[in-house]
Structure formats: C-alpha cells, structure tokens
Amino acid sequence: MSTNDQNTDLQRNALSCAGCELIFEDKISGTKSERPGLKKLLRTLSE
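Numbering follows my numbering, with no gaps: position 27 of the sequence shown is 129.
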C-alpha cells in the first residue's frame, strides 16, 4: 500500500476467497523496520 488512506480490505477479501486461512499483514510506515506481521508469520511457520 502506498498511502495511509488505502487499506487492505480488498486484498484480504481476495485472499479469503482464494482459500487462505491465515493472513498476516503489517501496517507501518516505510521508514520503520519493525514488522510485527512478518514476525508472527515466521513464528507460525516454525511451529
């Protein structure tokens, strides 16, 4: 997403319709290196 006005609803809906059961996302500015969604994804993969 390129601006704060945009949201991920359309992408999340498309993924759900495609059968995705787990969806991970990060809502952060491009200047921050912290990615909680990525960390959660990696923890889930290691389980």
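The hints are simulated quantities; they were obtained by calculation from the structure and are not laboratory data. Treat the hints loosely; a few may be bogus.
Here are the in silico distance ranges between beta carbons for each label pair [what the hints assert, rightly or not]: (1) Leu143 - Leu112: 17 to 23 angstroms; (2) Leu112 - Ser148: 16 to 22 angstroms; (3) Thr146 - Thr110: 15 to 21 angstroms; (4) Leu144 - Thr110: 16 to 22 angstroms; (5) Ser148 - Asp111: 26 to 32 angstroms; (6) Asp111 - Ser131: 24 to 30 angstroms; (7) Asn109 - Glu149: 17 to 23 angstroms; (8) Ser148 - Cys119: 14 to 20 angstroms.
All values reported here derive from a predicted model rather than from experimental measurement. Built from N, CA and C at the ideal position, the CB exists for glycine as well.
Quiz item: Which hint numbers doesn't this structure obey?
Solution: Of the numbered hints, 2, 6, 7 and 8 do not hold.
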